[in-house]
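Trainee: Model the placement of chain B on the given structure of chain A, informed by the hints.
Protein chains: 2
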Amino acid sequence: MPDTLTFIEQNLGRFRSELYDFLRIPSVSAKSEHDGDTRAAAEWLAEKLASAGLTSEVIDTEGHPVVLGEWRGAGPAAPTVLIYGHYDVQPPEPLELWTSPPFEPTERNGRVYARGSADDKGQLYMHAKALEACLAADGTLPINVIVLAEGEEEVGSPNLVPFVEQNAARLACDVVVISDSNMYAEGMPSVLFSLRGLAYFEIHVKGARGDLHSGQFGGPVVNPGNALAKIIASLHDADGRIAIDGFYDDVVEWDEETREQIRSLPFDIDAYRKELEVDALGGEKGWSTLEKLWIRPTCDVNGILSGYTGEGAKTVLPGRAMAKVSFRLVPNQHPDRVKPLLEAHLGKVTPAGVTVELVELHGGRPWKAKVEQRLMDAASSALEEAYGAPAVLQGEGGSIPIVVDFEEKLKAPALLVGFALPGCNLHAPDEWFSLDSFEKGIGALARLYGRLG
Amino acid sequence: MPDTLTFIEQNLGRFRSELYDFLRIPSVSAKSEHDGDTRAAAEWLAEKLASAGLTSEVIDTEGHPVVLGEWRGAGPAAPTVLIYGHYDVQPPEPLELWTSPPFEPTERNGRVYARGSADDKGQLYMHAKALEACLAADGTLPINVIVLAEGEEEVGSPNLVPFVEQNAARLACDVVVISDSNMYAEGMPSVLFSLRGLAYFEIHVKGARGDLHSGQFGGPVVNPGNALAKIIASLHDADGRIAIDGFYDDVVEWDEETREQIRSLPFDIDAYRKELEVDALGGEKGWSTLEKLWIRPTCDVNGILSGYTGEGAKTVLPGRAMAKVSFRLVPNQHPDRVKPLLEAHLGKVTPAGVTVELVELHGGRPWKAKVEQRLMDAASSALEEAYGAPAVLQGEGGSIPIVVDFEEKLKAPALLVGFALPGCNLHAPDEWFSLDSFEKGIGALARLYGRLG
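Those protein sequences? They're chains A and B, same order as listed. Taking my numbering, I'd label the letters of the first sequence as residues 519 to 971. Taking my numbering, I'd label the letters of the second sequence as residues 519 to 971.
Chain A on its own, in the form it takes in the complex (with noise of 0.2 Å):
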């Protein structure tokens, strides 16, 4: 292990400056003009796996490639871990909001600032690098290695489940590990007892046959905006609960223990208050902030668009409406269910007038961990080691759709470890990751390889 860290040590500038490459390359799968940067970025991260010591390809898919790095050196008796992570990341957008720009690295006050740095490439060049130095120093493993990156994690992995299937010899292992998420706080490394699912909507409402003059039309003319108004408003009651009929029937009651276990994790409400700069919070009542984050679903406007919205006054009645409308889902909700009831409710409440299409955009189960306890002791020591801090368990608001179809699929259980902080800015402007957690993550990842085996 002290060749490892020395070679971690001495190498890391190097480290940074490849990961800095890696988010240079706008690989946006949401937007197909971005195609080529997506399969550069998949191409470049195929190249680090080789030079780190692995095999590794880039594989075909329908949508964007699958970058597969291998390394068998344990022999079969010795235990195989599957590293999962993403090489694509969210729209930048709104571009006016960032302080430098998003595909520009730019380091400031200890933390890198770019689309990518937490979600996800920091986080899965950190397995890379982790990899690399073992390899490099010690020259073997104790486990055999398989490394999975998807290029389409931020538009639902629709082609990723396919993929594990038709190789699921291949990628055969004991243990499924994922570094896409958050430690609970700086200095308290954490290893994830859950995770929410997601059920992604859009709304299309339509009235007449197109815009309209609001003056000549406004009165007897139902007008799609303020019906879309309706419908979002429609879908909570007075108390912040989801308000569409039996939305909550499948949602699991929480053991005392997990509860408690939330309860005891350090939570300033104030501060979060005034880091987020609200007066107030608000979701639904009877339940503490890390609960309604962690194991209660929510429903949220993602993008609401109608009429005109350029400078000035234009009086017009819009013909259409579109909302971008996504839940969160806590276990063992399943997002093929809420698309009905979601038709049902829409069906109830949309007014005469107008009509309602309801598209689907994609969905995730929600995840909670089985792993046994062996593997999450070994995981608290590394991440105990390597920050000098005891790790704790907490839950994840976000959604990683692809663990659920992991265990099934592999029938292997998923440890999760993420290495992002709280208020880095994932999926909006001036993402950023902390460069002493890219240090130490990377002592964690190659302390936790030593311990998987």
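In case anyone wonders, no lab produced these hints; they're calculated from the structure. Watch out, some of these pointers could steer you wrong.
Each pair may be met inside one copy or between any two copies, as identical chains are not told apart.
[Stated by the list, open to error] Cut-off 27 Å, straight-line C-alpha distance, at most; resulting in silico cross-link-like pairs (DSSO-like, lysine-lysine):
no.	residue 1	residue 2
1	Lys803	Lys724
2	Lys886	Lys803
3	Lys803	Lys866
4	Lys866	Lys792
Owing to the predicted nature of the structure, the values given are computational and were not obtained by experimental measurement.
Mentor: Structure of chain B alone, referenced to chain A:
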């Protein structure tokens, strides 16, 4: 008169071709990038008034200029008629919904399609050509004429009232004639008995410090998109009435004669619905469609924008949401009364965790005709002769805020005679004007000038 009508017939091709030149100038007053075009339209018009035989000037204001044309050859004993119109146009967006480009006038099925063809360049230019015909054919007119064309009607005429006040002596007149409205139906020329007013706002909702990840923050953080939907939904009650306390306080009860006048007009609700391509109509319970359009107020979303509205599923919890919301007002509501009522309402319905800012973009007062019967009859007979059908009295759902100001500042009643046809896509893609109306309307206006003498 026969000479004038012959002149119109003989010069109709040129009149059209000149109108198309006028329509080619993208004088979009709301967009500063078109300031040069807006001025070019003013200069073009002034030149055409001069060649029609009027003296003309382009007069600067703090915004877009005013065009003033004058012909005072009838002498001080003759009545003076002020003709008002506007040479600015609404923004043409969304461009992709236009069949032919908005600033390339295109003839199809007896119509010319272009932004401004109906509102108001086409109608304003009919006055210019009727004046030219009278002066060319007879060498004189029985009335003095002032043509006042502004370039800010579509942005609320911020500089016209000061202009009228500063030039009240020069603009002194006996009647103000305005053609910026519709006929009741094809072949049914009309004079207006009312206009609705307008109070136009932007509602800005601010949530957290910026856009957030909907998974990492969804739940406790109040979503400005959801909050805005709740606010907009709260503006109407279940009966389609506006649910703002005090909003109806100043609405006049209309006399039975006017309501009977409205009821007497032919109106095919199924044809109306079908033409709009909607299954049902809505609006305030207890009123007919024409009443909802003419004598009842409205509250319409003109635009909404929040979060991510591009391709794909971005899981963002937006930091901001904005709606353009406007109210059509009826006599005797006043736009200045609406803002404090709406502000008080927002104070009651805005959820904790977001802040709201109300910005008034512009307002205009509603109007009830006060013109004496003699002038009304002059208009009716001029229209009947030109169209071969009796003129009807009708209301108008749109707003021409300056009408009330003219009456107050110039102490002269307004006579509103419009030539656009219902369904002409005012403020919408594929705006059009009937070529038949362009011809007949010029004849009707030439006759009207004669009768006003």
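Trainee: Would you mind marking each hint as holding or not holding in the structure?
Mentor: Here's how the hints hold up against the structure:
no.: 1; hint: Lys803 x Lys724; result: between (34 Å within a copy, 22 Å between copies)
no.: 2; hint: Lys886 x Lys803; result: within (24 Å within a copy, 51 Å between copies)
no.: 3; hint: Lys803 x Lys866; result: both (25 Å within a copy, 20 Å between copies)
no.: 4; hint: Lys866 x Lys792; result: between (39 Å within a copy, 24 Å between copies)
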